[in-house]
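One letter stands for each residue in the lines below.
Number of protein chains: 2
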Amino acid sequence: MTYQFSDSFDKLAPSAIREILKYSSAYPDIIAFSAGNPAPESFPREEMAKIASDIFTYDAVPALQYGTSEGYAPLRETLAERLAVKKNLECKNNTLVITSGGQQGLELACRVLCSPGDIVLCEDPTFIGALNAFRAAGARTVGVEMDEDGMNPEALERALTKHKRVRMIYLIPNFQNPRGSCTSYARRRALYDIAVRHGVIILEDDPYGEIRFKGENIPPIKSFDTEDCRAVIYCSSFSKLLSAGMRVGYVLAPQEIAAKMVVGKQCEDVHTNMFFQMLCHRFMTEYDFEAHLERVRGIYRHKAEVMQAALGRYMPKGAVSYTNPEGGLFVFCTILNDTDPDVFLRTALARKVAVVPGQVFSPGNNTCYKSFRITYATPSDEQIERGVRILSESVLPL
Amino acid sequence: MTYQFSDSFDKLAPSAIREILKYSSAYPDIIAFSAGNPAPESFPREEMAKIASDIFTYDAVPALQYGTSEGYAPLRETLAERLAVKKNLECKNNTLVITSGGQQGLELACRVLCSPGDIVLCEDPTFIGALNAFRAAGARTVGVEMDEDGMNPEALERALTKHKRVRMIYLIPNFQNPRGSCTSYARRRALYDIAVRHGVIILEDDPYGEIRFKGENIPPIKSFDTEDCRAVIYCSSFSKLLSAGMRVGYVLAPQEIAAKMVVGKQCEDVHTNMFFQMLCHRFMTEYDFEAHLERVRGIYRHKAEVMQAALGRYMPKGAVSYTNPEGGLFVFCTILNDTDPDVFLRTALARKVAVVPGQVFSPGNNTCYKSFRITYATPSDEQIERGVRILSESVLPL
Chain A
909 MTYQFSDSFD KLAPSAIREI LKYSSAYPDI IAFSAGNPAP ESFPREEMAK IASDIFTYDA
969 VPALQYGTSE GYAPLRETLA ERLAVKKNLE CKNNTLVITS GGQQGLELAC RVLCSPGDIV
1029 LCEDPTFIGA LNAFRAAGAR TVGVEMDEDG MNPEALERAL TKHKRVRMIY LIPNFQNPRG
1089 SCTSYARRRA LYDIAVRHGV IILEDDPYGE IRFKGENIPP IKSFDTEDCR AVIYCSSFSK
1149 LLSAGMRVGY VLAPQEIAAK MVVGKQCEDV HTNMFFQMLC HRFMTEYDFE AHLERVRGIY
1209 RHKAEVMQAA LGRYMPKGAV SYTNPEGGLF VFCTILNDTD PDVFLRTALA RKVAVVPGQV
1269 FSPGNNTCYK SFRITYATPS DEQIERGVRI LSESVLPL
Chain B
909 MTYQFSDSFD KLAPSAIREI LKYSSAYPDI IAFSAGNPAP ESFPREEMAK IASDIFTYDA
969 VPALQYGTSE GYAPLRETLA ERLAVKKNLE CKNNTLVITS GGQQGLELAC RVLCSPGDIV
1029 LCEDPTFIGA LNAFRAAGAR TVGVEMDEDG MNPEALERAL TKHKRVRMIY LIPNFQNPRG
1089 SCTSYARRRA LYDIAVRHGV IILEDDPYGE IRFKGENIPP IKSFDTEDCR AVIYCSSFSK
1149 LLSAGMRVGY VLAPQEIAAK MVVGKQCEDV HTNMFFQMLC HRFMTEYDFE AHLERVRGIY
1209 RHKAEVMQAA LGRYMPKGAV SYTNPEGGLF VFCTILNDTD PDVFLRTALA RKVAVVPGQV
1269 FSPGNNTCYK SFRITYATPS DEQIERGVRI LSESVLPL
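Listed in order, the protein sequences are those of chains A and B. In this text, residue positions in the first sequence follow the numbering used here: the first is 909, and each later residue adds one. In this text, residue positions in the second sequence follow the numbering used here: the first is 909, and each later residue adds one.
In case anyone wonders, no lab produced these hints; they're calculated from the structure. None of these values were measured; they are calculated from a predicted model. Please note that a few of the clues may not be correct.
One copy or two, it doesn't matter: identical chains are merged, so the pair holds either way.
[Said to hold, decoys possible] Distance condition first, Cα-Cα at most 27 Å in a straight line; then the derived BS3-like pairs of lysine-lysine:
1) 1072 / 1260
2) 1070 / 995
3) 1225 / 1122
4) 919 / 994
5) 1278 / 919
6) 1225 / 995
7) 919 / 1122
8) 958 / 1000
9) 1072 / 1278
10) 1072 / 994
11) 1260 / 919
12) 994 / 1260
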């Protein structure tokens, strides 16, 4: 029997990062600068174990039975309160929906808004998981020029004028993946105003916002929404705060859009696993969530410093530029000299250091050829030091 | 701002059952013959609590970290062995993928195979969650006549001749939802041969196969596949065996199709929550899984008998026909006299008994107007007795 696939899946390939990840994890002695995994020491294991035991003892049936697609009501309420207080995200005429990781929020937003052939404008480069989700929904991904302050507003304006079928603008304002950059308040405002003027929805992806370990918080773009103008779908998750493996995220969207996303969620997985929704709720209400986040920030602050110090110490001047993020998980590097990027990647991998080539983050697959992404999240201090040294030795032809 | 939705989501409405469920659960004194929830007493709570504690003590990091999209390897291996032994499902050149509930398997199969406008042939009536998933993927659902032995082969042949864009045939051979019927071996073979002759994939949905409490097991349609002819995608789940709220299901599909489904799964939720994949694996290997299933069957056998006895005792002769299933969760009833089905539903609901109107299960929304589905899974013996009495009083104009 020969198999014929749907138009949108026919050409879709597996995520290059997850393939690299699979490869890396097969060799436990590899230094995985490639992974997007959170630091395992950031998981509050003891507290989670205690909550788990409580749930199985006192609340097992709701944890094991079907729940509503919108999510566990007490978690939705607790989260809504926190978003209002901490991020100035007013939930009026918006609906908060629990998703199976932040990924599902991105994916559902696109399926609900984009018909096949519609366009999603994306920062170039951007998160490959989002690009794949948009493509799987049949949308076309078009890159918009960005700099260290995020998407360029003039370039956005030009793209909106040029392309007639733009349905969504995808932005990661905090500690962008892969660039690590953080978009300024003024730039957020400018991008928002352009989107509203063109009547196009912004999909704001914020998985790393809580992992700011330097500088001042900047309000999310979603906070610019008013009752009369709700132009932003805000996605986030607990993956980098409590656990990635439990798959609990959330979306705050205008209620008309959220209603469609809930229908989509019913179709995809009925609801997010109940047990971990209850666990998140209990962690937020029975433990000191803010103190935990401060501890998590401390972990990443230290690791980021170790990596910056190593980059400063080993990287030959003028050979590679690299970012110095104020939060998140990633450093983005660009080869400035004549080193062939493919040779560099192979050389590093042969010496057991895995990085992600920049091109996989390119919406049009035609930029960032000389760049690569590295993370300090999972390697140990010693691995960071050694890995950066190997990268610095791989960048110059030996 | 006005919102414009994608073609496939524009007209999609939330699942009627989940809306009824929401309504029902708001009134705890309602008898929920409407729910598809498993019996809470079937959850092996004590064993799960013990496993949970073990995982958090000895295996917390893999449970809380990202995993691979295909699923937790030890669970996949254990499941593959059991499917081979118990169901004659040979995994050669097929791939077993863990999904977030059985629902995700159905949904991914359709997204991977069907472009917008393509047709999925379905038993009429069938599972509404599947119908919605197919529609959300842009597919058209076309009903094929069925009887107490499942889909009618001649009607399938006619539908395949009439419609040019059929990409998939959706079947629930064991204890069909909503009809409760079980398709015979001969009928399974006939349907399979027709599908193969037309080169159309069968999506075999088997969430209830393990809940046979009477009669003999019949091999799944997937077991007819050979190395040379792999025409079936087989979907199942742990929802009715261990817990529905944990969202762990699986798919056995030809490897070329499974590879695309894994890409789709990466886009939707990256992977199924790790903790419960590990819990399923430990339950299957460290406890007596077969004895547990036998206990679960006993629970449903008893409940089904209570409902059949009540139906026999209370239903006025000739007013309502009802099925007598050998497994699964559902009894399908059809009003034979002049009672207006809408008046019947409202009368029953006013007396706090919720059932699901048959029409919601109709792929073309044009059959089963005089039918309704009831379940014995969650109500107590006393509620089953009282609920059936109320239904019998609602069926004849008072």
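Status of each hint after checking the structure:
1. 1072 / 1260: neither (46 Å within a copy, 53 Å between copies)
2. 1070 / 995: neither (34 Å within a copy, 57 Å between copies)
3. 1225 / 1122: Within one copy only: 25 Å inside a chain, 77 Å across chains, cut-off 27 Å.
4. 919 / 994: neither (42 Å within a copy, 36 Å between copies)
5. 1278 / 919: within (25 Å within a copy, 45 Å between copies)
6. 1225 / 995: neither (40 Å within a copy, 64 Å between copies)
7. 919 / 1122: neither (41 Å within a copy, 47 Å between copies)
8. 958 / 1000: Close neither inside one copy (35 Å) nor across copies (42 Å); limit 27 Å.
9. 1072 / 1278: neither (31 Å within a copy, 48 Å between copies)
10. 1072 / 994: neither (37 Å within a copy, 55 Å between copies)
11. 1260 / 919: Neither. Shortest intra-copy (31 Å) and inter-copy (52 Å) distances fail the 27 Å Cα cut-off.
12. 994 / 1260: neither (41 Å within a copy, 43 Å between copies)
Hint violations for this structure: numbers 1, 2, 4, 6, 7, 8, 9, 10, 11 and 12, all remaining hints satisfied.
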